Each structure stands twice: as C-alpha cells, then as structure tokens.
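Chains as they are written, first to last, in my numbering: chain L, 1 to 135; chain R, 136 to 271.
Derived from the structure by calculation, the hints contain no laboratory data. No false leads were slipped in.
Residues on chain R that point at chain L, a partial pick, calculated with CB under 8 Å: (1) Val156; (2) Leu157; (3) His160; (4) Thr177; (5) Glu181; (6) Ala184; (7) His188.
Since the structure is predicted, the reported quantities are computational estimates derived from the model, not experimental observations. Heads up, the beta-carbon is just placed ideally off N, CA and C, and yes, glycines get one too.
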Amino acid sequence: MDNVAMLDAHGPEARSVLVVEDDPLLRFMLCDLLRAEGLVVVEAANAEEALGALAAGLDVAVVFTDVQMPGAFDGLELSRRLQASYPDVPVIVTSGHLDAALLAVGIPYLPKPYVPTKAVGLILSVLARRHAHGG
Amino acid sequence: MGAETPTDDARPCILILDGDVLSRHAIAEYLRGCGYRVVEATTSEELLAVLDHGTPLVDTILFDLDAPGAVNGFALRALVREAYPGIDVIATGSTQKAAKEAANLCEEGPELARPYDPQLVIARIRRMQARRDESE
Chain L
1 MDNVAMLDAH
11 GPEARSVLVV
21 EDDPLLRFML
31 CDLLRAEGLV
41 VVEAANAEEA
51 LGALAAGLDV
61 AVVFTDVQMP
71 GAFDGLELSR
81 RLQASYPDVP
91 VIVTSGHLDA
101 ALLAVGIPYL
111 PKPYVPTKAV
121 GLILSVLARR
131 HAHGG
Chain R
136 MGAETPTDDA
146 RPCILILDGD
156 VLSRHAIAEY
166 LRGCGYRVVE
176 ATTSEELLAV
186 LDHGTPLVDT
196 ILFDLDAPGA
206 VNGFALRALV
216 REAYPGIDVI
226 ATGSTQKAAK
236 EAANLCEEGP
246 ELARPYDPQL
256 VIARIRRMQA
266 RRDESE
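Extracted from the complex, chain L is given alone in its bound form (with noise of 0.2 Å):
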C-alpha cells in the first residue's frame, strides 16, 4: 500500500497538509504537487495567516512552513507555537539557512532551495509515519 492509500483509511483529514510560503509561484509549484498526490491542501503566506486558520478550527495532519517570511514572526516561531498548541500536529520548516536551534529540538528540516518533488515526499513520509504510530 502506498502512502496516500494508507492515508485514505485515515479519513480525509490524514491527507490534509498546511503549507505555509510566502513566495506565490513556489507555494503554487509545491501545493500543486500535493494535490496531484492526492492531498488536501490549505495554503497560507504567512505564520499568522497560518495560524489564524487554525485557530478558527482548520484540522491538517502535517504542516509545511518557511522560516523566512515577512510579518509579526517567522516560520520557526510558528513552529514552537504549533508544538505548544498543536503537539499532534507534525512540523516540517524549510528554510535557506540550516539553523542549529532547529535541529536540536529535531524538527524535520528541508534546506533551500529544494527539488519540490522532494518536499512532497518528505511530508507525504511524515504523514505516514504519523498515522503508523497512531496520530
């Protein structure tokens, strides 16, 4: 079974990923990618956008973030606010400068500027192995 198939036992909100990009064209590249695997996907720009959503009641499986973007914080803020929050909820950054901080807490990481394909597979393995363990 291939990770989508495992997901749809999940119900509809295993497949649901939060990619958070401020760059449009790039956010539109990846997310297209996403949904031509088959997942639901809910795009925003930045992290209180992100954030926003929810806390307005948006249920996702996995979130996919920048850390540099323009606002009142940045991506690796989010993602300490979305582990205090949203500790089922996995996080993902990105970012074009590897920061020690965010490795010591073991945060999955991927460098840019990155292929999209391999961002794909990176969160579509982190969904898989949240709902194997349960999540």
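Take the given structure of chain L and dock chain R to it, following the hints.
Just chain R now, kept in the frame of chain L:
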C-alpha cells in the same frame, strides 16, 4: 524548479485573490472540484507577481475588492484590465460599500456581492468564457 511545474495542464486557470485563508481555500477547492486549475494569491502583490511571471497562464481572475495589498479595489481591476486585456476579471465585494466607492470613481460595481454563491462564480466564469470564445 520551473521544470517541475506541469505546463501542459489544459484546465482553465483561475487566479483567486482573497485575504482570508479559509474563504480563499473554500472557493478554491470548489473550483478545483469543478475541474479548474486554481492559483491562490493572498495580496495584490502576489496576484501581480503571478501574472507577471506568465505561468501558469491565467484565464480568469476572481478577486476580493477588499483584499490586502498596495493596489486594491477598483484600481486593481483597472490595472489588470489595462495590462492583461486577455484575462477575464470578476470583482467581489460587499455591495453597499463597493457601490459607494464605484460611484465615487465612476466605475462599475463589483460583479458579485459577498458572500457569494460558488455556483454563481462558475456561471459567471462560463458566461465570460463563452463570450470570449464567440468574439475570437
């Protein structure tokens, strides 16, 4: 990375500008379910960046007159119509406020009043496309 973007996608492409993530997601998913390819923009700067990039080729823009950005409202609609005459534009807005602004600017009002029925969006997109096909 551009090489990975599917460029041979034959679906009509709609660019949505809406500053509210959940509203944007809802209408975007509805349109995707109707067979459209949808690009989401959260500000007018993002919308213009997508248009400027040229791919994906946008057929229709659906935008909120109150969306955030340096250029918004009717000025954005006028700018897009001027710079991209081949793209259909549908403005949405709260009728009362938009009508007042439109009157002040001698502009026509929004094409759709918010909150709008997604089926009306589809109907309008199809009508505009049919009109465009007839004129070509």
